[in-house]
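Spelled out from the first residue to the last, the chains are:
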Amino acid sequence: MKSHTAIMGLLAVVALAVGVLGATGCAGTKAAYNAADTLEERAYVVTEHYAAVVHQAADLKEKGVLKGAALTRAQEAESVAQPVVLSLGDLVKKYNAAKSAESEVALQSALDDAVRALADLVRIVKGAAGGAA
Amino acid sequence: MNPTLLAVIGLRAAALAASLAGRSSVASALYSTADLVESGVAVDDHLAEVAAKLKDRDLTDADWSDVANRIHADSARLHSA
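Protein chains in written order, with our numbering: chain E, 224 to 356; chain Z, 55 to 135.
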């Protein structure tokens, strides 16, 4: 009976934690994307977001939270995403220099690819502790 | 107090309780969740700083170099054996 009560207590704490996290959301992330008014700024926010998630993944790996198959998936996703994300800086320079429709399309297309690659990595990292957070 | 910080403290307290009750797999899962939540908060805090930067000034080449360097360094940590 005591054990049952303890487990219910644990579940209550987890439910409270999930509720708090759902309520607090991700205000900083929303603020960054909302603050990006130009194509260059949007590309920069995606690049910074990617950098922060790779930093998070590396920290979680070192703490032993990201491991096994999830770690392998994260490493693979990062290897695919990195060149796409790092191309954004060069494409921004070309776009700012030329201001042509062609350079704008190239930047927008790379930005779309980078967002998809970032989303894949975020999904894998968030699933590292069994789908929590 | 920051509600997310409270949630992390709650998760760690629950993990400790589970550990003391001999439920090591539950404790491990709760500790991992707490680590994941904390790291997610760090991502959000970083992007809040990015938002403040964009409101404050224009981007420079140094901003792009800096973020690229951080990606290379953390990617190396992620892929290291």
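Mixed in with the good hints there might be a few duds.
To be verified - Straight-line Cα separation of at most 20 Å, PhoX-like style, residue types lysine-lysine; simulated pairs: (1) E/LYS253 to E/LYS322; (2) Z/LYS109 to E/LYS286; (3) Z/LYS107 to E/LYS322; (4) E/LYS316 to E/LYS253.
Stated by the list, open to error - If you only want the chain E side, here are some residues facing chain Z, beta carbon under 7 Å, derived: (5) SER310; (6) GLY312; (7) VAL328.
As the list claims (entries may be wrong) - Residues from chain E that face chain Z, not an exhaustive set, calculated with beta carbons under 7 Å: (8) GLY251; (9) ALA258; (10) THR261; (11) VAL288; (12) THR295; (13) GLU299; (14) GLN305; (15) PRO306; (16) LEU309.
I should point out that these hints are in silico values taken from the structure, not numbers from a laboratory.
All C-beta atoms, glycine included, are put in the ideal place defined by N, C-alpha and C.
Okay, the hints, checked on the actual structure:
no.	hint	result
1	E/LYS253 to E/LYS322	violated (28 Å)
2	Z/LYS109 to E/LYS286	violated (35 Å)
3	Z/LYS107 to E/LYS322	violated (24 Å)
4	E/LYS316 to E/LYS253	violated (25 Å)
5	SER310	violated (11 Å)
6	GLY312	holds (4 Å)
7	VAL328	violated (21 Å)
8	GLY251	holds (3 Å)
9	ALA258	holds (4 Å)
10	THR261	violated (9 Å)
11	VAL288	holds (5 Å)
12	THR295	violated (11 Å)
13	GLU299	violated (10 Å)
14	GLN305	holds (6 Å)
15	PRO306	violated (11 Å)
16	LEU309	holds (6 Å)
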